[in-house]
Amino acid sequence: MTRLEPKQTIERLIGAGALVVAVLAPLLFNAFWLDAILTQTLIFGMGAASLILLSAYGGMISLAQTGLMGIAGYALGNMVSEGGAGGESKGLALGWDPAVALVLAIVITILISFVFGAVASRSYGIYFLMLTLTFGVIANLFFGSVTKLGGFSPIAGIDSHTPGFIGDVVNDRQRLYYIALICAVVAYALIRYLVRTPFGLSLQGIRDEPLRMASLGFTVPLHRMLAFAFAGLLAAVAGVLAAWWNGQISPSDLGLAATIQLLVMAVIGGLVRIEGAWLGAFAFIVINNEITNRIPSDGLWVVGGTFNTVVGLVFLAIVIVSPDGLMGVWERLWSIRGRRGGPSAGTTDVRQPVTEAIP
Amino acid sequence: MKVGKWKLLLLLAVLAVGSAIPASGALATSGQAGEVKIAVITDCKGAFAFGYELDIGGANAAFSDFAGAKPKNKKKPSAGITGATAGGAKLTFTGYGCGDDTPATMLKEIRRLMVQQDADVMLGPLSGDEAVATANWAKSHPDKTVIVGTAASQDPTMQIAPKNLFRYFGDGAQWNAGLGETVYKKWGWRNAAIIMDDYSFAWTSAAGIITDFCASGGKITKRVFPPLNTTDYSSYVRQLPAPDKVDGYFWVVGGAGTDTALKAFEQAYGSLKAKQHSGNLFLWFLTGAASAPKLKGAYIGGFGIGPGLKTAAANKYRASMKKWYPTIPAEDSFTLNYYRGAHALVLGLEKSNGQVGAALQRAMPRVIDDPYQVSDRGKLRLDSRRQAIQDQYVMQINATGKFGISTVGYVPNVDQTFGGSFAPNKPAPGRNFPSCTKKKLPWQGKIQVVKNGNITKQFIK
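Listed in order, the protein sequences are those of chains A and B.
Using our numbering, you'd call the opening residue of the first sequence number 1 and step up by one each time.
Using our numbering, you'd call the opening residue of the second sequence number 1001 and step up by one each time.
These are calculated hints, taken from the structure and not from any lab test.
Heads up, some of the hints might be wrong.
Claimed, not checked - Capping the alpha-carbon separation at 35 Å, the derived lysine-lysine pairs in DSBU-like fashion look like this:
{"id": "1", "chain 1": "A", "residue 1": "K148", "chain 2": "B", "residue 2": "K1045"}
{"id": "2", "chain 1": "B", "residue 1": "K1163", "chain 2": "A", "residue 2": "K148"}
{"id": "3", "chain 1": "B", "residue 1": "K1263", "chain 2": "A", "residue 2": "K148"}
{"id": "4", "chain 1": "B", "residue 1": "K1185", "chain 2": "B", "residue 2": "K1451"}
{"id": "5", "chain 1": "A", "residue 1": "K148", "chain 2": "B", "residue 2": "K1438"}
{"id": "6", "chain 1": "B", "residue 1": "K1219", "chain 2": "A", "residue 2": "K148"}
{"id": "7", "chain 1": "B", "residue 1": "K1426", "chain 2": "A", "residue 2": "K148"}
{"id": "8", "chain 1": "B", "residue 1": "K1222", "chain 2": "A", "residue 2": "K148"}
{"id": "9", "chain 1": "A", "residue 1": "K148", "chain 2": "B", "residue 2": "K1439"}
{"id": "10", "chain 1": "A", "residue 1": "K148", "chain 2": "B", "residue 2": "K1245"}
{"id": "11", "chain 1": "A", "residue 1": "K148", "chain 2": "B", "residue 2": "K1440"}
Make a model of the complete structure from these sequences and hints.
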């Protein structure tokens, strides 16, 4: 059995501690915090994790993940909502079985991810970023313009139509929290597993040396496309959870501002480690909520502005001081300790777990 | 990359402060006995950000008139008020919410002010789709009371209609009652085209125009739907029939798009002729726009208010607004509708003895004195879905002088169903609903001429 380094031991202890706090959260936090902060963190953390997965292990910074979350939400909303008096006035309102709709929403999103991935898989760097941004914008404009599928108005009542095994998430918000927690933990474990499989290792090889991997016989675009589709699965689950959490979906949920918000969450957390997704989402959501409550009605002293000003300043501070986000701060603390003669420090390089995994 | 210790310390300090903030926020908040918490939510961003101070000013003025409050700053309503009480309870404000006309931001503000700050009553929102989102939220929060601010989509009180949501003014369709009949009779329009923003308020607003015009015998030959916030309208106005193919055009294009769309029309079809153009309240806001002088004399839809109306109630309201907030325009429904909502809330709290939740919802007035209601001796009534049945006014852009509007028609007691055209079991207004049908409307042939602010006994012919 491999002996763990002190840093790894501490990280695992922190991880276990965080999980214990998460499980006990309903006892520790008030209802607002549980629902509006923690549940939202778990959901958007999953969305950010889909972005970080592609970035950290595939070298692809995708701006399509919010769009994919929205596609899942819209697919679910159109299929489960019911029309008629007192029912939903927007969208198709098909009134299908929620379990069938849930599966279909996820499958549809994965299929669209395949298509997006197929188109974008041959592009790199800024071109990949722009292509995926275009996908996001297309998704936003599509749902905003095709009024039969919703249009500019929200499709509501999605949370009232959940499958039996999910139960009532309208009145029992603890239930939704635990569902989001289970999904987040499974997503995290799945990502950790995937990046250690031969597929994950070759994806990281493609990230570092795509030409060399191609010359070794790997089908680089196919690998990238499959990774994109897997990230699409995570985004789809996050999108479904977000639709249940919000109860409704509208084009602004997948607009440019929402796209940038997800990217900011990922960057605040750190684009190099999956854990950063939930850390970044938590930081962003807390700043968003708490600062908004404390800003005077006529704007901030001296600088004026609102929450966006504050989050912009925090974002700026983080990327200047620690381009690897909050996870990078953690790594740097260990670097300082290492320089003082402590045990060997870790590195912010995401390749570290990979080299460990190679026999 | 090497990072200096000082930078790291700085960041850690920022994070420490950041983590201290939520620690305080995680504590549960609870209201004190004898206290009613109110969240006034409007837009401070987006296309309707200009309504922020107007809305808050309207609400604060009503709390000052009826709940004994005093404005902190007469030039800046968002500075707040002090000393408001009703039904023996102290009224406190959890904050002035800031939307941006999107449902997502509205829900965020609702969570912050209604859930986290635990407000009992919401007065808002401002715009149509925000109200759709709010009504759906209200459905699953029956203990909270929502009084719609100035949002005028039909759905919140027709298809959704939660029992804890009230609206003390007409929806966007009601505001346009009488306009179709007016252009049909005054200018002889028989065939018209309509161009409308592609979202719920514009659909509702257009639904009122279409129903009223078609009920009189007019035909809508073309409907065009530019997406909201379009910046280039050329392709959309090209879809409209040429001026020699129709008698007129109805414009339901809002915000910065109104003037841009009219300019695009001129580029496509030549100069605007006032007698060929009409539209909803969006045309009120053309002051200073290049197209404004060319529309002098055009008839346009109302806003649930009759500016310049010479009645005792309207005079009293105008004087009151001038007293509390001299710089806030009183005769603007952004101001007036929040005033109406706050007034109703005070009456409700007085009747419920400061109780909130179901008790307040039962106590909310179903009949209320309104500054611009003339029918039924100035009493505005709510229908069974808690939606106002309200007098409406047809407007005209002044034919001479500076750009301005005058009240020219009075339409008594307009209800939300338009004589059965709309109903909870019918679709909400959309691109193709309602269809164009000749029918009898309750106010047909009863639109009274308004001259110099006085309602005459003459009918529009």
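Structure-based check of each hint:
no.: 1; hint: K148/A / K1045/B; result: 28 Å, holds
no.: 2; hint: K1163/B / K148/A; result: 28 Å, holds
no.: 3; hint: K1263/B / K148/A; result: 30 Å, holds
no.: 4; hint: K1185/B / K1451/B; result: 18 Å, holds
no.: 5; hint: K148/A / K1438/B; result: 27 Å, holds
no.: 6; hint: K1219/B / K148/A; result: 25 Å, holds
no.: 7; hint: K1426/B / K148/A; result: 16 Å, holds
no.: 8; hint: K1222/B / K148/A; result: 19 Å, holds
no.: 9; hint: K148/A / K1439/B; result: 28 Å, holds
no.: 10; hint: K148/A / K1245/B; result: 30 Å, holds
no.: 11; hint: K148/A / K1440/B; result: 30 Å, holds
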